[in-house]
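K.L.:
Each chain, letter by letter, is given below.
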Amino acid sequence: MEIDPFIFRLSIFILSIFVGYYVVWSVTPSLHTPLMSVTNAISSVIIVGAIIAALAGSSEVVFETSSIFGFLAIILAAVNIFGGFLVTQRMLQMYKKKKK
Amino acid sequence: MSANLSAIFYLLSGILFILALRGLSSPETSRQGNLFGIIGMTIAILVTFLSINNFNVGFIYVLVFLLIGGSIGAFIAFRIPMTAMPELVAGFHSLVGLAAVFVAISAFLKPEAFNLGNVGNIKLASLIEMSLGAAIGAITFSGSIIAFLKLRGIMSGAPIVFKGQHLINLILGLAIIFLIYYLCSTQSSSMFWSLVAISFLVGVLLIIPIGGADMPVVISMLNSYSGWAAAGIGFTLENTALIITGALVGSSGAILSYIMCKGMNRSFFNVILGGWGATDQSSTSQNKEQKPVKNGNADDAAFLMKNASSVIIVPGYGMAVAQAQHALREMVDALKKNGVKVSYAIHPVAGRMPGHMNVLLAEANVPYDEVFELEEINNDFANCDVAYVIGANDVTNPVAKSDPQSPIYGMPVLDVEKSKSVLFVKRSLSPGYAGIDNDLFYRDNTLMLFADAKKMTEEIVKSL
Chain X
1 MEIDPFIFRL SIFILSIFVG YYVVWSVTPS LHTPLMSVTN AISSVIIVGA
51 IIAALAGSSE VVFETSSIFG FLAIILAAVN IFGGFLVTQR MLQMYKKKKK
Chain L
1 MSANLSAIFY LLSGILFILA LRGLSSPETS RQGNLFGIIG MTIAILVTFL
51 SINNFNVGFI YVLVFLLIGG SIGAFIAFRI PMTAMPELVA GFHSLVGLAA
101 VFVAISAFLK PEAFNLGNVG NIKLASLIEM SLGAAIGAIT FSGSIIAFLK
151 LRGIMSGAPI VFKGQHLINL ILGLAIIFLI YYLCSTQSSS MFWSLVAISF
201 LVGVLLIIPI GGADMPVVIS MLNSYSGWAA AGIGFTLENT ALIITGALVG
251 SSGAILSYIM CKGMNRSFFN VILGGWGATD QSSTSQNKEQ KPVKNGNADD
301 AAFLMKNASS VIIVPGYGMA VAQAQHALRE MVDALKKNGV KVSYAIHPVA
351 GRMPGHMNVL LAEANVPYDE VFELEEINND FANCDVAYVI GANDVTNPVA
401 KSDPQSPIYG MPVLDVEKSK SVLFVKRSLS PGYAGIDNDL FYRDNTLMLF
451 ADAKKMTEEI VKSL
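Chains as they are written, first to last, in my numbering: chain X, 1 to 100; chain L, 1 to 464.
Worth flagging that the hints you see were computed from the coordinates, not collected in a lab. Worth double-checking, as some hints may not be accurate.
[Said to hold, decoys possible] Below, in silico cross-link-like pairs of lysine to any residue (SDA-like), each with a Cα-Cα straight-line distance of 25 Å or less: (1) L:123 - X:96; (2) X:96 - L:74; (3) X:97 - L:336; (4) L:123 - X:97; (5) X:98 - L:339; (6) X:96 - L:25; (7) X:97 - L:363; (8) X:96 - L:429; (9) L:262 - X:25; (10) X:96 - L:28; (11) X:98 - L:123; (12) X:97 - L:262; (13) X:98 - L:342.
[Claimed, not checked] One side only, chain L facing chain X, incomplete, derived with CB under 8 Å: (14) 62; (15) 80; (16) 88; (17) 103; (18) 125; (19) 128; (20) 268; (21) 272; (22) 333; (23) 367; (24) 427; (25) 429; (26) 430; (27) 432.
Please read all numbers here as calculations on a predicted model, not as lab measurements. C-beta: ideal position from N, C-alpha, C; glycine also.
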């Protein structure tokens, strides 16, 4: 019997939870705020779904109900991607070592 | 681009996201990590464009909307003051949640665009995945909005509790499961819309009973939810990058919530079900008037610290509110010129989000190797001359170690009272968030400095 592709995705998901678990425990507590802002930025990779949704219309009808939700999601995710990465960058620039 | 090739690229961007988080293990590697994250995101977006192969007019609109959103995001990122970081993060979480809801709605309305079947005949597994994504996304959205309003001070930080709250939440929770079940068997769109509506309501009800100082837990929890919502959508779209990212973010937020709960010695459910020590507030406030406190001014504080050989600074939320971090750095610079050794002690739940104090100190150019976590520095208080407590309260209360009756008993606290003298900057003797009196105020070695944190610190700088 063939294995349902869902099982493969589930495997990826569960293994990623474990990867996340170990990687996040190794994050230094002083960088917990940048951790939150960067996880925020990367979870906006949901924009790939938004793009597919937005481009589901035809050349004649670009804006139909489903694609409008896609376009709205693109704006939201884009705010997050740019905002998230840039604010993380801004924070990380501030962490400096003692001048010897 | 073939589906297999794009799947490989999505995997690549997932791996780059893992490296982005890995980079945060130390400040030196963190900037490179952030770059990995940006590359991963760019790959994911480009691959999506290339795999669609449908470059109609809509494509231009996609770019336009992407740029609109991007400019708004960039504008916010450059303008936001560091003290507003907790509400910014809460606000960003709400956007991820809403984006997940919108993508799920779109997939429900036009499943053929996502290869999920047809309207009224969507594949069962996809239907479950998208309804979970939509429900969790909606809870994340409305919950984060409430957290944002509370952190921003638009809504009072006080817990909002009413009778039968837990019962209502339970009923609504069951209703969500019920609706998902019926949605799957009937494919009815009214079930789908009710599911989204109820989930929005649950998000609001879940966060309103949680008080201001518990926000570190809430914000981490919402971080986790936004990850699970993304993962749910990832399963729907059969997209590896989204599944990996969702799992990473989900577990990251869960770990942060755990660390925050441990920092308060409370269980996750205890925090989520709201309210802390609100009951015995009145009894403790009665006897506090009689106890004498030693009251000092900026000159006393300056004198004490100038003649000390080591000083430990204990910052808390009050420092963030007063924006005292820059004044504090000036004070420390002046002390260092006098040969005083200065370090900073950070409690895990100081401030309103994980790592809040560290970011503010970094903003004020405090080198990160002078800043220590609770376990690293707690033994040093016994050998330190002066502890300067600025805007922290409950996290220094020795009662947590001595009185089993106290609501904060067992919470890890900074052993501030062990230092030779304690300077406590506070506006009044009012109890902290936990509603209990701080024993530290009345100790012989404590000098209270009644003032705004920033003003007091500036005055100390002057008299140094």
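K.L.:
Could you work out which of the previously given hints the structure breaks and list their numbers from low to high?
P.N.:
When the structure is compared with the hints, numbers 1, 4, 8, 11, 12, 19, 20, 21, 22, 24, 25, 26 and 27 turn out to be violated.
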